[in-house]
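From first to last, the protein sequence lines are chains A and B. All you need for this note's numbering is the position in the first sequence, starting with 1, plus 18. All you need for this note's numbering is the position in the second sequence, starting with 1, plus 25.
Hints were generated in silico from the structure; no laboratory data involved. Where hints are given, some of them may not hold.
[To be verified] The calculated lysine to any residue pairs, modelled on SDA-like cross-linking and capped at a C-alpha distance of 20 angstroms, are:
hint: 1; chain 1: A; residue 1: Lys119; chain 2: B; residue 2: Ile78
hint: 2; chain 1: A; residue 1: Lys119; chain 2: B; residue 2: Trp32
hint: 3; chain 1: A; residue 1: Lys119; chain 2: B; residue 2: Val85
hint: 4; chain 1: A; residue 1: Lys67; chain 2: A; residue 2: Lys119
hint: 5; chain 1: A; residue 1: Lys87; chain 2: A; residue 2: Asn42
hint: 6; chain 1: A; residue 1: Lys119; chain 2: A; residue 2: Val47
hint: 7; chain 1: A; residue 1: Lys67; chain 2: B; residue 2: Arg121
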Amino acid sequence: AQSVTQLDSQVPVFEEAPVELRCNYSSSVSVYLFWYVQYPNQGLQLLLKYLSGSTLVKGINGFEAEFNKSQTSFHLRKPSVHISDTAEYFCAVCDNFGNEKLTFGTGTRLTIIP
Amino acid sequence: SQTIHQWPATLVQPVGSPLSLECTVEGTSNPNLYWYRQAAGRGLQLLFYSVGIGQISSEVPQNLSASRPQDRQFILSSKKLLLSDSGFYLCAWSLRQGAKGRKTEAFFGQGTRLTVV
Numbered sequence: 019a020q021s022v023t024q025l026d027s028q029v030p031v032f033e034e035a036p037v038e039l040r041c042n043y044s045s046s047v048s049v050y051l052f053w054y055v056q057y058p059n060q061g062l063q064l065l066l067k068y069l070s071g072s073t074l075v076k077g078i079n080g081f082e083a084e085f086n087k088s089q090t091s092f093h094l095r096k097p098s099v100h101i102s103d104t105a106e107y108f109c110a111v112c113d114n115f116g117n118e119k120l121t122f123g124t125g126t127r128l129t130i131i132p
Numbered sequence: 026s027q028t029i030h031q032w033p034a035t036l037v038q039p040v041g042s043p044l045s046l047e048c049t050v051e052g053t054s055n056p057n058l059y060w061y062r063q064a065a066g067r068g069l070q071l072l073f074y075s076v077g078i079g080q081i082s083s084e085v086p087q088n089l090s091a092s093r094p095q096d097r098q099f100i101l102s103s104k105k106l107l108l109s110d111s112g113f114y115l116c117a118w119s120l121r122q123g124a125k126g127r128k129t130e131a132f133f134g135q136g137t138r139l140t141v142v
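With the hints as extra help, turn the sequences into a complete structure.
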């Protein structure tokens, strides 16, 4: 079975400061990994995804994430945050061996402080 | 292009009443379909997913059920709602792994805010 752990439920960050949102996964097989963002009362929007190839993945809105197989992590980073980045962020995993189930973490609420 | 429609956007229902939430996808065929629930402070909980018509996998035992009467239609139902069924329900679709040989991301609807009173 696969699972995702997001270690921080809430992360406050000052505007223009860097941020890292942590994500660790567990799976017995190779995986695909995703980060989504959710603004209040809306659905989820894809930020970036790792399918294969380069372990450093760049996404929208200046976010990037690095896949680390040995540490089973997929942390999300942004060098300088803006007020508009205030939202909830979800990490998700799906194995690539035919299991169609997409499993999400519990989310991290990012609050940008002016 | 593909689109996903989910309705209604908000719903207030009394305890014990039935529920039917509908989700349809356009612009693709044979998608995977998912129902998630998001309760306050609890992240996204996968309720059901389907890889084809009539094929439903249940992740959490509860008084909810799902059906897929058509390829691009996914329905979430309940015969009698409980207070604990309140939450934000999200429908999503993705391409099947076998269709392209590579997994793509899931695309989400705008959600339904259900309040059981």
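Hint by hint, here is what the structure shows:
1. Lys119/A to Ile78/B: Status holds; Cα separation ~16 angstroms.
2. Lys119/A to Trp32/B: Roughly 23 angstroms between the alpha carbons, so the hint for Lys119/A and Trp32/B is violated.
3. Lys119/A to Val85/B: Cα-Cα ~13 angstroms, so holds.
4. Lys67/A to Lys119/A: Holds, at roughly 16 angstroms.
5. Lys87/A to Asn42/A: holds, 10 angstroms
6. Lys119/A to Val47/A: Given that 20 angstroms is the threshold and the Cα spacing comes to 13 angstroms, the pair holds.
7. Lys67/A to Arg121/B: With Cα atoms ~16 angstroms apart, Lys67/A and Arg121/B stay inside 20 angstroms; holds.
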